[in-house]
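S.K.: Sequence:
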Amino acid sequence: MTIPLDSHAGPSRPKTTVQDVSSFLHPSFYHTDVRPSQLPSLQPEIIVVGAGIAGTAIAYGLASTGRSILLLERDLSEPDRIVGELLQPGGVAALHRLGLQGCLEGIDATPVEGYCVVLGERRVKIPYPMLEKYVNGTSSQTVDISHSPSHQNDTKSNGLHQVVEKEKLSNGHANDNGHVNGNGHSNGNGHPDRNEHPNDLKTSDEQSQTWYVESFSGHKEGRSFHHGRLITSLRQACYSAPNLTVIEATVRDLITCEHTSRIIGVTAAFKSTEPALFTDLTQSTDMDKEKESATTTVVRNIYAPLTIIADGLFSKFRNLPGLKLPTPIFRSHFVGVILKDVSLPIDKYGTVCLTPSGPVLLYQIGWKAREIRMLVDVAGKLPSVADGSLKQHIIDNYLPHLPLELHSAVQDALDTQRLRTMPNSFLPPAQQASSPSSLQGAILIGDAWNMRHPLTGGGMTVAFADAVLLTEYLRPCPGLPEGREGLEDWAVIGERVRKWFWRRKHLAAVVNILSVALYDLFGGANEDLAILREGCFKYFELGGECVAGPVGLLSA
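Residue 30 in the UniProt record's numbering sits at position 30 of the sequence shown, and the numbers go up by one each step.
Be a bit skeptical, because a hint or two may be false.
To be verified - Below are the EDC-like pairs computed for lysine to aspartate or glutamate, each with C-alpha atoms no more than 16 Å apart in a straight line:
1) LYS340 <-> ASP415
2) LYS368 <-> ASP347
3) LYS125 <-> GLU545
4) LYS271 <-> GLU248
5) LYS391 <-> GLU405
6) LYS340 <-> ASP412
7) LYS340 <-> GLU371
8) LYS368 <-> ASP341
9) LYS271 <-> ASP75
10) LYS368 <-> GLU105
11) LYS125 <-> ASP347
12) LYS340 <-> GLU405
13) LYS368 <-> ASP108
14) LYS391 <-> GLU371
15) LYS538 <-> ASP108
16) LYS340 <-> GLU545
17) LYS125 <-> GLU541
18) LYS316 <-> ASP253
For the record, the hints were derived by calculation from the structure and aren't laboratory data.
Throw the hints in and build the complete structure from the sequences for me.
M.R.: Written as structure tokens, this is what we have:
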């Protein structure tokens, strides 16, 4: 199937023009290999819709394999969200495999070494799994890099120590070459050999690889941070990546081939500044010649043999013909504030407070800034924010059950900050490309396709791990040659999408099921669930395998 390059088509709309594209490209576009004047002839192999967690990861991963990628994002300014702020160790490892480990630096991220669960006056410490320490595979050594000149301006200057870890990984996410360079990161981009076929990839249980982690303790470590800062860091990596073009544009619709019903591209709208016209330029002053600008909308059709949709929680593409996704199930709301200049019950440990009304999460998102995010889970109808009902609901039903040393900071945050809310939903993943009548030419990933309750902080880990696997299945290889023509055989792509769906279950199914089970246990308000919560807490108090097993699943 031959896919047309471009058509300046689109619905008739006010002030819609086709013009020089240099006026609507994001400034960072100039870091790519494509000049603005070349966009009309741009022929991406893959279009990625959405530059959030999943979109940036898959775009960067596929571009690293040599694929030509166009990444479209509605708003490239830094987002401000209250979720997506804690990355489990498995997600950190997946970033390494994608070659994006540097994105966790310079964003004031905090190391996370495990969880502290609080029930009344009782507390139980649940550390992430320990790792054996190796340097060159022979001896145990901790290398202090806290005073290294090259790390003075990033998170490693927090006094972190670098530990090179090696163990039998349960999730299979780690760098592949096993070499260490001066900054502790693997050489290269973290991808396997380009000649490796996806069918030849070893399962996670068969892989013994090297783990790189900055650690005081020698545990696997996660990271917590401001969500928007990580997104900006990921986008910056995409701006400078070869084979990857990033443009700010709103994807209005997908283009369907009238003969095959296959998705062959997108219709996107770009905001553009257009010079205003002057009726009498001879009388204009030097100031006039700077010319006022008017904002117009430029609508373009952009074509590619494959479109990856990663437009997030509020995706508008879930009801596409041939895509049989269930309706997201609303579970609760998170209400978020930031506590300042206060310490968690256990430093560098995410805290889960079990209250009769629902769980409360606390974790540090600013290492130097000493900022702690508090998320209060509110089930059912959310009380009004405007009339103060929500604030009073938290004070009456949650605050008395939080650690006493946090009460003053929580009260201050409730009194001085706007209460931020975010819905929590569950969306089980439906198999894509499952039959000849299924959607063709497009793949959904990330929250657009699969969501779980964020109580366990597994969403970003699943998204990054999906990007690792899907990159391997879509990279150039004998079955999928380089170039647009190599991606036009949907029978081949569909087979790989189906294999990806089953292979991702090793991690994704565990995280999804764990999130549902723990939220049902910790979020339930009836007496029977209170008894089960008490039993679960006593189980954790036994220590040993009683905490190692659950946290091993959580940290995968």
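S.K.: Flag every earlier hint the structure violates by its number, smallest first.
M.R.: 5, 14, 15, 16
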